[in-house]
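Enquirer: Okay, here's what each chain looks like letter by letter:
There are 2 protein chains.
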Amino acid sequence: MKGFDFEEERIKQEITKLGAKRVLLQLPEGLKPEAPRLAKSVEKNHALPIISADPCYGGCDIAVNEAENLGVDLIIHFGHAKLLKHENIPTIYVEARATISVDKAVKQSLLLLSKYDKIGLATSVQHLQTLDQARDILVRAGKTVIIGDCGQMGYAGQVIGCNYSNVKSIANEVEAFLFIGGGIFHALGIGLSTSKPTFIADPYDNRAFSIDDEAQKIIKKRWACIEEASAAKTFGIFVGLKPGQKTFELALSIKKLAEKHGKVAYLLVAREITPETLLEFPTIDAYINTACPRLSLEVPQKFSKPVLTINEFRVVIGEWSWENLIKKGLFEN
Amino acid sequence: MKGFDFEEERIKQEITKLGAKRVLLQLPEGLKPEAPRLAKSVEKNHALPIISADPCYGGCDIAVNEAENLGVDLIIHFGHAKLLKHENIPTIYVEARATISVDKAVKQSLLLLSKYDKIGLATSVQHLQTLDQARDILVRAGKTVIIGDCGQMGYAGQVIGCNYSNVKSIANEVEAFLFIGGGIFHALGIGLSTSKPTFIADPYDNRAFSIDDEAQKIIKKRWACIEEASAAKTFGIFVGLKPGQKTFELALSIKKLAEKHGKVAYLLVAREITPETLLEFPTIDAYINTACPRLSLEVPQKFSKPVLTINEFRVVIGEWSWENLIKKGLFEN
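If you read the protein sequences in the order shown, they are chains P and Y.
Note that the numbering used here has the first sequence beginning at 17, numbered continuously upward.
Note that the numbering used here has the second sequence beginning at 17, numbered continuously upward.
By construction, these hints were calculated from the structure, which means they are not laboratory data.
Owing to the predicted nature of the structure, the values given are computational and were not obtained by experimental measurement.
Hints may contain errors.
Since copy identity is lost for identical chains, a pair holds within one copy or between any two.
Claimed, not checked - 16 Å max Cα-Cα, derived EDC-like pairs, lysine to aspartate or glutamate:
id, residue 1, residue 2
1, Lys271, Asp148
2, Lys37, Glu84
3, Lys236, Glu335
4, Lys318, Asp133
5, Lys271, Asp165
6, Lys134, Asp152
7, Lys37, Glu339
8, Lys212, Asp229
9, Lys321, Glu244
10, Lys237, Glu189
11, Lys123, Asp152
12, Lys271, Glu59
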């Protein structure tokens, strides 16, 4: 797969340094096709490669249990920055930085940004190395550029599906956000977390565009979910099982909150939450998802029942107003 | 849910006896709708119930890792008999025995069994308590009835999706098998493991029927998979991650066997193997599944590449003949 840096020389050095004999390779869906080639390369370094074939969406999802069960002495996790503070098994993060230039896409964004002076810049881990260059382009066009860094993420300007703290922290100082990267998911998260006009500079298509219409559509859908959940008597509270999710105590407090408001609430734990998961619990009217906010953006229309974020649930029970939710953002972080 | 014994009085006693404070409830898909009601009952016994929402297909799949991560002090596993020799966390098995009578369905089978004298009787855990009654009906009709017990399963006459040893052990002594239960999956497994005429007495529909035509269809499909895999150069060997699967050493030996025969082979570990899993590895031509043989019976047409059992792979590399496979059965056990 061209276009990403898999850091094979570093992998080789780490295997040798650690004397690793059994290596677990974990890649997110878009990068998984590279797994056999990388496994071959591990094998050439005299270690046994094992490919994790389960879905993997983030740095929260390090296959620690799997590695322990398999006697693995090194996990190589691709495509995400380190998120866990500590892993029980030596783990190296190969962030798979994209080698593509973003200049053209950022230049395309200048026309869209013409009425804004102060721009917040953000990106996913794949394009972090382009932030300086992108800032220069914007500054040369007369913009003031702010890159948020509130210390929760590994890098300044970085956003991930469940943490938009870097953009939230500068939202009051900027008029619009520019996200560098492919897909609309992260940019939607920025727009929904900050209520600021948000644009994408997509280096794969070499184009820039606004995601505001899309964000409005999502907000309408979320409102419909909240409305439907307002009539719900019985709630399921999802707790994610991935090492970086660990939301059990949070879920427990939400259960108590729901009960205080006269709701019946059950704790449900899951590795993967799919539309099929919900079909197994016909007596549950609505869900609160403490695991991965991606679900509420990506697959809501596929779910047979409302699956709310915690903040949305606060609207359902009347703790927050809808306006307050829009102001504070759909997500916790 | 009527028709199954959830042993709520025993659950109550066990919670009290163990002083359990945090209880994980794990149910297979068909029984999951009962989970909220059972959770409520656990809560009444002053323990915090947590429902596992992930798929669960067998006694191999005890949520031990999940329980450890959540600080659970008791797992209640429903719908399967104990399979693991040892669990790290106290676990009770509620087998969810069916309360339905099987007499009518067994009587319906007598006409189908008219040309056979020696009948092997088998069932899933839900109907084990009906075996004596079923045997009586067959004996009164002049049949010799054998119920296999070779010690691998918890009960005489019991079969599960990955272990047909109880029927294999008596296949030479009987002319046909009668399986008591719903669905065709276990009966298919019996037919494909023994090559004996196999009938189902289905107490839910109160009817009896042969699964031999269905077994022939499966055999044709399996043959097509083996044919397709014979042209494959690159194999993925699936290792299941569920506590009772633990097939890593077996998978490693299959990898070596594949390499001995000039194939390229990769170890892939997974909790769930789905049609989507395969789409992530376009460079792999065919798979060998050491995890759960159910996959090869239930979803082969949904897989984009052949997913072979270990025994089928022995045919691909010329270690076994097709006839030998049919004789020894598609599955290991």
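Enquirer: Compare the structure with each hint and give your call.
Expert: Consistency of the hints with the structure:
1. Lys271 with Asp148: neither (44 Å within a copy, 47 Å between copies)
2. Lys37 with Glu84: This pair counts as within: shortest intra-copy Cα distance 14 Å, inter-copy 27 Å.
3. Lys236 with Glu335: Answer is neither: 20 Å inside a copy and 61 Å across each miss the 16 Å cutoff.
4. Lys318 with Asp133: neither (39 Å within a copy, 53 Å between copies)
5. Lys271 with Asp165: neither (33 Å within a copy, 47 Å between copies)
6. Lys134 with Asp152: within (14 Å within a copy, 85 Å between copies)
7. Lys37 with Glu339: neither (55 Å within a copy, 40 Å between copies)
8. Lys212 with Asp229: within (12 Å within a copy, 63 Å between copies)
9. Lys321 with Glu244: Answer is within: at 8 Å inside a copy they meet the 16 Å cutoff, but 42 Å across does not.
10. Lys237 with Glu189: neither (29 Å within a copy, 64 Å between copies)
11. Lys123 with Asp152: Within one copy only: 11 Å inside, 84 Å across.
12. Lys271 with Glu59: The answer is between: 13 Å across copies meets 16 Å, while 48 Å in one copy does not.
Of the numbered hints stated above, those contradicted by the structure are hints 1, 3, 4, 5, 7, 10, listed in ascending order.
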